[in-house]
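Protein chains: 2
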Amino acid sequence: MATLNLDELKSLLEVTNSKLRDLEKLDLNVDMTRGKPSFEQIRLSRDILTNIDEEVFDRNPNIFNYGIGDGIEEAKQLFASMLEVRSDEIYVGGNSSLNLMYDTMLKAMYFGMVDSNRPWMKEDTVKFICPVPGYDRHFAICESLGIEMITVDMTPNGPDMDAVEALVKEDASIKGIWCVPKYSNPDGAIYSKETIERLASMETAAKDFKIFYDNAYAVHFLDGEFIEQESMLEACKNAGNPNRVIIFASTSKITFPGAGVGVISANRESLDYMEKLIAAQSISQDKVNQLRHVLFLKDFDTLLEHMKKQAAILKPKFDIVLDSLKSTVADERIATWSNPRGGYFISVDTYPGCAKKIEEECARLGLKITKAGSTYPYYDNPKDNNLRIAPSFLGRSDLVQAMDVFTTVLQKIAIEEMLKNEQ
Amino acid sequence: MATLNLDELKSLLEVTNSKLRDLEKLDLNVDMTRGKPSFEQIRLSRDILTNIDEEVFDRNPNIFNYGIGDGIEEAKQLFASMLEVRSDEIYVGGNSSLNLMYDTMLKAMYFGMVDSNRPWMKEDTVKFICPVPGYDRHFAICESLGIEMITVDMTPNGPDMDAVEALVKEDASIKGIWCVPKYSNPDGAIYSKETIERLASMETAAKDFKIFYDNAYAVHFLDGEFIEQESMLEACKNAGNPNRVIIFASTSKITFPGAGVGVISANRESLDYMEKLIAAQSISQDKVNQLRHVLFLKDFDTLLEHMKKQAAILKPKFDIVLDSLKSTVADERIATWSNPRGGYFISVDTYPGCAKKIEEECARLGLKITKAGSTYPYYDNPKDNNLRIAPSFLGRSDLVQAMDVFTTVLQKIAIEEMLKNEQ
Numbered sequence: 393m394a395t396l397n398l399d400e401l402k403s404l405l406e407v408t409n410s411k412l413r414d415l416e417k418l419d420l421n422v423d424m425t426r427g428k429p430s431f432e433q434i435r436l437s438r439d440i441l442t443n444i445d446e447e448v449f450d451r452n453p454n455i456f457n458y459g460i461g462d463g464i465e466e467a468k469q470l471f472a473s474m475l476e477v478r479s480d481e482i483y484v485g486g487n488s489s490l491n492l493m494y495d496t497m498l499k500a501m502y503f504g505m506v507d508s509n510r511p512w513m514k515e516d517t518v519k520f521i522c523p524v525p526g527y528d529r530h531f532a533i534c535e536s537l538g539i540e541m542i543t544v545d546m547t548p549n550g551p552d553m554d555a556v557e558a559l560v561k562e563d564a565s566i567k568g569i570w571c572v573p574k575y576s577n578p579d580g581a582i583y584s585k586e587t588i589e590r591l592a593s594m595e596t597a598a599k600d601f602k603i604f605y606d607n608a609y610a611v612h613f614l615d616g617e618f619i620e621q622e623s624m625l626e627a628c629k630n631a632g633n634p635n636r637v638i639i640f641a642s643t644s645k646i647t648f649p650g651a652g653v654g655v656i657s658a659n660r661e662s663l664d665y666m667e668k669l670i671a672a673q674s675i676s677q678d679k680v681n682q683l684r685h686v687l688f689l690k691d692f693d694t695l696l697e698h699m700k701k702q703a704a705i706l707k708p709k710f711d712i713v714l715d716s717l718k719s720t721v722a723d724e725r726i727a728t729w730s731n732p733r734g735g736y737f738i739s740v741d742t743y744p745g746c747a748k749k750i751e752e753e754c755a756r757l758g759l760k761i762t763k764a765g766s767t768y769p770y771y772d773n774p775k776d777n778n779l780r781i782a783p784s785f786l787g788r789s790d791l792v793q794a795m796d797v798f799t800t801v802l803q804k805i806a807i808e809e810m811l812k813n814e815q
Numbered sequence: 393m394a395t396l397n398l399d400e401l402k403s404l405l406e407v408t409n410s411k412l413r414d415l416e417k418l419d420l421n422v423d424m425t426r427g428k429p430s431f432e433q434i435r436l437s438r439d440i441l442t443n444i445d446e447e448v449f450d451r452n453p454n455i456f457n458y459g460i461g462d463g464i465e466e467a468k469q470l471f472a473s474m475l476e477v478r479s480d481e482i483y484v485g486g487n488s489s490l491n492l493m494y495d496t497m498l499k500a501m502y503f504g505m506v507d508s509n510r511p512w513m514k515e516d517t518v519k520f521i522c523p524v525p526g527y528d529r530h531f532a533i534c535e536s537l538g539i540e541m542i543t544v545d546m547t548p549n550g551p552d553m554d555a556v557e558a559l560v561k562e563d564a565s566i567k568g569i570w571c572v573p574k575y576s577n578p579d580g581a582i583y584s585k586e587t588i589e590r591l592a593s594m595e596t597a598a599k600d601f602k603i604f605y606d607n608a609y610a611v612h613f614l615d616g617e618f619i620e621q622e623s624m625l626e627a628c629k630n631a632g633n634p635n636r637v638i639i640f641a642s643t644s645k646i647t648f649p650g651a652g653v654g655v656i657s658a659n660r661e662s663l664d665y666m667e668k669l670i671a672a673q674s675i676s677q678d679k680v681n682q683l684r685h686v687l688f689l690k691d692f693d694t695l696l697e698h699m700k701k702q703a704a705i706l707k708p709k710f711d712i713v714l715d716s717l718k719s720t721v722a723d724e725r726i727a728t729w730s731n732p733r734g735g736y737f738i739s740v741d742t743y744p745g746c747a748k749k750i751e752e753e754c755a756r757l758g759l760k761i762t763k764a765g766s767t768y769p770y771y772d773n774p775k776d777n778n779l780r781i782a783p784s785f786l787g788r789s790d791l792v793q794a795m796d797v798f799t800t801v802l803q804k805i806a807i808e809e810m811l812k813n814e815q
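Residue numbers (my numbering), protein chains in the order written: chain A, 393 to 815; chain B, 393 to 815.
Everything labelled a hint here was simulated from the structure, so no lab data went into it. Keep in mind it's a predicted model, so treat the numbers as computed, not measured. Take these hints with a grain of salt, some might be off.
The list cannot tell twin chains apart, which means a pair is met if one copy fits it or any two copies do.
Computed list of lysine-lysine pairs in DSS-like fashion (alpha-carbon distance at most 25 Å, straight line) [unchecked claim]:
#1 K668 with K760
#2 K417 with K749
#3 K763 with K668
#4 K668 with K499
#5 K760 with K417
#6 K514 with K499
#7 K411 with K812
Only chain A is shown next, with the shape it has when bound in the complex:
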C-alpha cells in the first residue's frame, strides 16, 4: 500500500469530508457492536426445535428427568470429536460457555483448583495474563472477581510466548492465561504447534497455573476448511502438566446463540474436582437441549457440513468489510487489519490515538461499533489504536453502508491526526 505525502493527505481529507457530508444524509441506524449471528444463520438450525418427536420422547425417559449431571453420553461423544479429546474428558453444561468460564474462575477464587494449596482469593494478589487485543467478556470476568490483568501482545501465531514465559516463571501470583486458540477474538490468530507446546510445558512459578482455553471458534472456518490444531490437553499431558488446561466451548455460534450447549473439557482429575464442587450447585443441566443438539448435529462430519453452510453466509460479509477497507484506506499508516480464516471478527489497527474518536464519529452518524478499548483490559488501550468489526449480524446492504461510514470516518480521523502530528 502507498504512503501518501502531505499534500496528497490534505486533498484526500477534503474528498473524505465531502463524502462524509453525503453519508450524514443516510440517517443510518445500525448496530455492529457484537458478534451476533444473523437470523439467516440461525434459520439453518431450525430443525433442532422440533426434532424430539413422540418416538424419541418415549425412547429416552431419563433425558426428561433429574440426573445425569455431567451430560448425556451422546453429547459427550459429539463434543469430544469437536474438541479432539476423549468423551470422558467432557462435562456438558448449560446454555453458555461464558457462564462456565465465570463459574470456574469464581470457584478457583473461592475454593482453589485441583492442584492449589489454598483458594486463590487467599493470595495477596491474583493475576491473569490477557493477550491483547482480546475478548472483553474475559476481561469483565477478571475485573468482576478482582483479578489483576497483565497484557502481552498477540502475534499471528498466538501470544508473544517469550513475554508469557518470562512473566509466569517469575511471578507466582500469575495464576493463569486467557487463550482463544483458533481464529482468536478479535484478530483471528491461529495458535501454532510451537505456541501450544510452549504454553503446555513452560515453567510456572504458580504450581496451579491454569490455561483458560476458550475454544469458541473450533469449527468456525470461513473458507470451508476445518483446521487441525495440536490438542492442548494432549500437549499438557505430554509435558507432565495434565491439569494445566481447562477447555471451554459451546454451540452458541453453531446453532442458537443463548440456547445452545456449553461444555468444559479437562483432564479427568480436574473434572472430578470440579464436578464435586458442581454437585452442590446443580442436579443436572438441560439434557433435552443436549439431545436436540445430538439429533441435529449427529457427528463431526455432519457438524462440519453444517458449518460450511454458516461459512457460506458469513464469508461474503467478511469480504464486504475487507473490500471496503482495501478500496478506501489509501495509506498504510491510516489502518491495517486482520484477514481471518474464521471466527467472527476483523481487527483494525488504526493510526495511534484515533480509535475512540472513530467510534464517537461513527455513533454520530448512526453506526454503533464495538466500544474502542474493549479489546483491552479495563478498556485501556494505551495506543488507542484498535477497533473490532463484527460483520455477522447485519444484512449485506446495511453492512455495505455501515462499512462506507466506518472506512470514511476511519480515514478522516486518521488523516486529521496525522496532519496534526506533522505540524
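The hints should help you fit chain B onto chain A, whose structure is shown.
Using the frame of chain A, we list chain B on its own:
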C-alpha cells in the same frame, strides 16, 4: 391410635418378623430416594417439545439470538402471576432454581448483598438458620460454601418463630434463613400469615439478613385446590425491609425436571444489584425454553389446570403411602407422619434411634429410601428419628410393595428398640 403393652408388642414383632421373611423373597430393587416426577407426569408436558413451529420461529427472531439477559417479558408475566409479584420483580434464569440459589449464596459470600457492608466471607463466621426437618440440597449449599448451620424446629405453621426471633436478634453472624413456605420439604408445612409477617418484620442483628425463600411447590397441590398465601415480598416491603427476601422457584416439577425454567424474584433494588453481578457471568439464559414454557403454560389459570393433572397422578400415590402407614403401624410410639396437602414428600417421625437402622434394613431388602439424617444439616439428626418418603417416581404396584417393606421394617426396628428400652 392404640398404645400396645409389652406382650402385644412382642407378639406383633413375631408377626412382623414372619412377614419380613416373606418380603425378603420379593427380591425388590426399587429407588425411592428422590422426589422425581414419574414419566406419566412428564408426559403431561410433551407438547412443550414441539410447540415452536415455523410461524413462531419467524415471529420471534430475538428469542433465538443473544441478549434479553433477564428473560423474555411473557415469561416474567407468567412467573409473576405464579409468585404473586410484579413482572418487573422477576429475573428468569436457566434450567434450575437450585443453581440460582447456589449462585446467589456464593455471590453473597464473595461480593456481599445489596445492603452488606462487605462480602459475607470477610466475616469471622457466617451462619444460616435451617428449619428441621428440611431439604438436604439447601444444607449442601451451606456446607460447600463453609456456612455454619443452626437448626430450629418446624411447626405446622412454619419455623418456630420464637426461636428464630431470639437467634437473629442477638447474633449478627446469622445472615439468613432457608424457607420452603408452601408444602415444605419434607413435612408439608404451610407457612401461616403470622409466620410470614414475623419473618418479614423481625429485628435482625445483621442488617443484610436474607430470607432464601425456596417456593418450590407454589402450585403443587395434591387436592386440586390452589392455596393463596401472604406474599413474602409484600410483607417485607410493608415491614420496611424490602430487600430481605429472595424468592426462588422453577418449573422443574411442573414441566420437565432439569429442562424447566428457574426464576428469582426480589425487590427491584436487590435484583438490580444481582443482575449487575450476573452481567459478568451471562449474556442470556435459554430464551427458547422460556418461550416454549410460555406457549405451553399460557397463563396462571392454564397452569393451574395443568397442575390438577399432575395432582391426579400424584394423589393416589400419596394415598398408598398414607394407607400403608395407617394400616400397618399399630402403636403411635412406633411412628407418626405428615399428611401433606401438596408438595412431594411425606415425613415420617420414627421411634427415636431407629431411622438409620430402618434405612439400612430397607436397603438390605432392595428398597432404597432417602438417607436417614438427610433432612438435617450435616446428616446429623440428634434423635435419629426422621425419614423422608418420596412417592412420586414409582409406579403404583412398585410403590405398594415398597411401602409394604418400609412399614414392616419400620415396625420391626421400632418395636425392637422399644423392647430394648423396656428391659
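Evaluated hints:
1. For a Cα distance limit of 25 Å, the shortest separation of K668 from K760 across copies, 23 Å, qualifies, whereas the shortest one inside one copy, 43 Å, does not.
2. Within a single copy, K417 and K749 get their C-alpha atoms as close as 20 Å, which meets the 25 Å cut-off; across copies the closest is 83 Å, which misses it.
3. When the C-alpha separation of K763 and K668 is checked against a cutoff of 25 Å, the pair qualifies only between copies, where the shortest distance is 19 Å, while the shortest distance within a copy is 39 Å.
4. Taking the closest pair of Cα atoms, K668 and K499 come within 25 Å of each other both inside a single copy (11 Å) and across two copies (19 Å).
5. Proximity of K760 and K417 under a CA criterion of 25 Å is satisfied intra-copy only: 17 Å inside one chain copy versus 74 Å between copies.
6. In this homomeric assembly, K514 and K499 come within 25 Å of each other (Cα to Cα) both inside a single copy, at 13 Å, and across copies, at 17 Å.
7. For a Cα distance limit of 25 Å, the shortest separation of K411 from K812 inside one copy, 21 Å, qualifies, whereas the shortest one across copies, 99 Å, does not.
When the structure is compared with the earlier hints, no violation turns up for any of them.
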